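Add chain B to chain A, keeping to what the hints say.
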Amino acid sequence: MEDVKQKNRSRLCSICNDKKAALKRPKTQEQICRECFYSVFEEEIHNVIVDNKLFKSGERVAIAASGGKDSTVLAYILSELNRRHNYGLDLFLLSVDEGITGYRDDSLETVKRNEIQYGLPLKVVSYKDLYGWTMDEIVKAIGLKNNCTFCGVFRRQALDRGAALMRTDKLATGHNADDMAETVLLNILRGDIARLSRCTLITTGEDGPIPRCKPFKYTYEKEIVMYAYFKKLDYFSTECIYSPNAYRGFAREFIKDLERIRPSAILDIIRSGENLRISTSTKMPDQGTCERCGYISSQKWCKACVLLDGLNRGLPRQGIGRTRGAVLSKDREQIRTDSEMKGSISQSKPCGTLDF
Amino acid sequence: MHLTIEFGGGLELLCQSVKIHHVDVDMKPGEDKLAMRDLLSWVQTNLIKERPEMFMKDDHVRPGVLVLINDCDWELSGQLDTLLEEKDVIVFISTLHGG
Numbered sequence: 001m002e003d004v005k006q007k008n009r010s011r012l013c014s015i016c017n018d019k020k021a022a023l024k025r026p027k028t029q030e031q032i033c034r035e036c037f038y039s040v041f042e043e044e045i046h047n048v049i050v051d052n053k054l055f056k057s058g059e060r061v062a063i064a065a066s067g068g069k070d071s072t073v074l075a076y077i078l079s080e081l082n083r084r085h086n087y088g089l090d091l092f093l094l095s096v097d098e099g100i101t102g103y104r105d106d107s108l109e110t111v112k113r114n115e116i117q118y119g120l121p122l123k124v125v126s127y128k129d130l131y132g133w134t135m136d137e138i139v140k141a142i143g144l145k146n147n148c149t150f151c152g153v154f155r156r157q158a159l160d161r162g163a164a165l166m167r168t169d170k171l172a173t174g175h176n177a178d179d180m181a182e183t184v185l186l187n188i189l190r191g192d193i194a195r196l197s198r199c200t201l202i203t204t205g206e207d208g209p210i211p212r213c214k215p216f217k218y219t220y221e222k223e224i225v226m227y228a229y230f231k232k233l234d235y236f237s238t239e240c241i242y243s244p245n246a247y248r249g250f251a252r253e254f255i256k257d258l259e260r261i262r263p264s265a266i267l268d269i270i271r272s273g274e275n276l277r278i279s280t281s282t283k284m285p286d287q288g289t290c291e292r293c294g295y296i297s298s299q300k301w302c303k304a305c306v307l308l309d310g311l312n313r314g315l316p317r318q319g320i321g322r323t324r325g326a327v328l329s330k331d332r333e334q335i336r337t338d339s340e341m342k343g344s345i346s347q348s349k350p351c352g353t354l355d356f
Numbered sequence: 001m002h003l004t005i006e007f008g009g010g011l012e013l014l015c016q017s018v019k020i021h022h023v024d025v026d027m028k029p030g031e032d033k034l035a036m037r038d039l040l041s042w043v044q045t046n047l048i049k050e051r052p053e054m055f056m057k058d059d060h061v062r063p064g065v066l067v068l069i070n071d072c073d074w075e076l077s078g079q080l081d082t083l084l085e086e087k088d089v090i091v092f093i094s095t096l097h098g099g
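In order, the protein sequences belong to chains A and B. Under the UniProt record's numbering, read the first sequence as residues 1 to 356, first letter to last. Under the UniProt record's numbering, read the second sequence as residues 1 to 99, first letter to last.
One or more of the hints may lead you astray.
Unchecked claim - Here are the simulated lysine-lysine pairs, DSS-like style, with alpha carbons at most 25 Å apart: (1) B:Lys87 to B:Lys49; (2) A:Lys19 to B:Lys87; (3) A:Lys231 to B:Lys19; (4) B:Lys87 to A:Lys232; (5) A:Lys123 to A:Lys56.
Read the hints as simulated data drawn from the structure, not as lab findings. Because the structure is a prediction, the values reported are computed rather than measured.
Extracted from the complex, chain B is given alone in its bound form:
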């Protein structure tokens, strides 16, 4: 599945300061849907290069990290259970950096 993943608010520093990533995520065999839950662990394994604890806590994004799917707050679409579709744009923004 082709997706665009963006990092902001300082999270890009965890992946060598690259903000926008065009990625191709392999689906589990026999499945045609990808849930945000699966994408998070994919991102953690494939994109995050340092300080993974700044991105995830347990199986969730770290509290204080905002997530938007196609510019829409993921709290409106079921957070971890949100099912992704081809060409979706997922944005992760940290709110934890100084103001």
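Pulled out of the complex, with its shape left as it was, chain A reads as follows:
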């Protein structure tokens, strides 16, 4: 593996001053070798976990596993740190099968290999079982326009339901620093003050049944991918076959352009998000529970129930469209009965368009 060719372009690691540097850290601009990279990368995540008290000893923790790079590295690192630092966590992988042929079936194969490679039990929950519909069937019914809304809303709830089923104390997701920065920007662009104020929290839903945490909140995507590459971790990297989210794509590209000019931009955007203070006169939606399924909701019915009801009654556009967070509470009473639902299709909140 070691490159035998000594080239004049090789430089020494700025930490150990011994081995050849293998990468430039975006966070610090340091040039470090592979071994030093492994240790700083792992220790930084350990410190984030400890400093933010993400877990308690004895907890049962679900790792949301898609088979992609972030969740694969998260599963590897959490099982490693759990052993090394005696966190005392009962870890397992939780995957959602959306029912997307040629995409999720392949990525689930990756998760199944991870189950064996990392010795972590795997639980898969499917849209078909939970909602009676696969994404393939939903796309057949509604076309390729709003399918990502359905998928996002259903996935969020599916993870919670799977976690509850497995009597989980906490859910860890692989969202990284680049994702966080992107989400801060998107929430600003959408004027979504409620989400803007909570999207940079490292742990969310602490008042709910299953809190979610993001151990990679401060971890650059570049380092996650480099880590996976150097460690030869087995991950899946195909874009979903159903149209990507174009708006998010623009934000992503903008972040990547900024990073090239000034890598600290990513952490700076996160810091800006963390330090925003929402004025007390801004009306925030009240959190309640869905009357139909009991899931958290700021409306009478949660978004998943509104969407599902539309699907089942042949009105797939029900629940598509959006209103702003500030007017939501006024609309809270608008979804009353089945017959009134049709009239209020655009009044509910798009809770699935963002993953946070």
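Showing chain B alone in chain A's frame:
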């Protein structure tokens, strides 16, 4: 110049899902060095079969695409100005696919 070019993180989908390519790149007449800048346009012309915008943006790799030369981050060797040598291994990995 004989080189090995690898695609990962989904970029292989732009070249018919072939991850590893052993290639022979012709040098410009009278030159014995090949810069990454030249290799990029060679790859764009000769290996990328679809959605070229996923690989390059202007004259650079698209932001979010990582490049390693002999398993070393190209940010350490001068990116586009890096001079390649016989039998170098160049890896392109997209970070843009879901996690």
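Each hint, compared with the structure:
no.	hint	verdict
1	B:Lys87 to B:Lys49	holds, 24 Å
2	A:Lys19 to B:Lys87	holds, 22 Å
3	A:Lys231 to B:Lys19	holds, 18 Å
4	B:Lys87 to A:Lys232	holds, 22 Å
5	A:Lys123 to A:Lys56	holds, 22 Å
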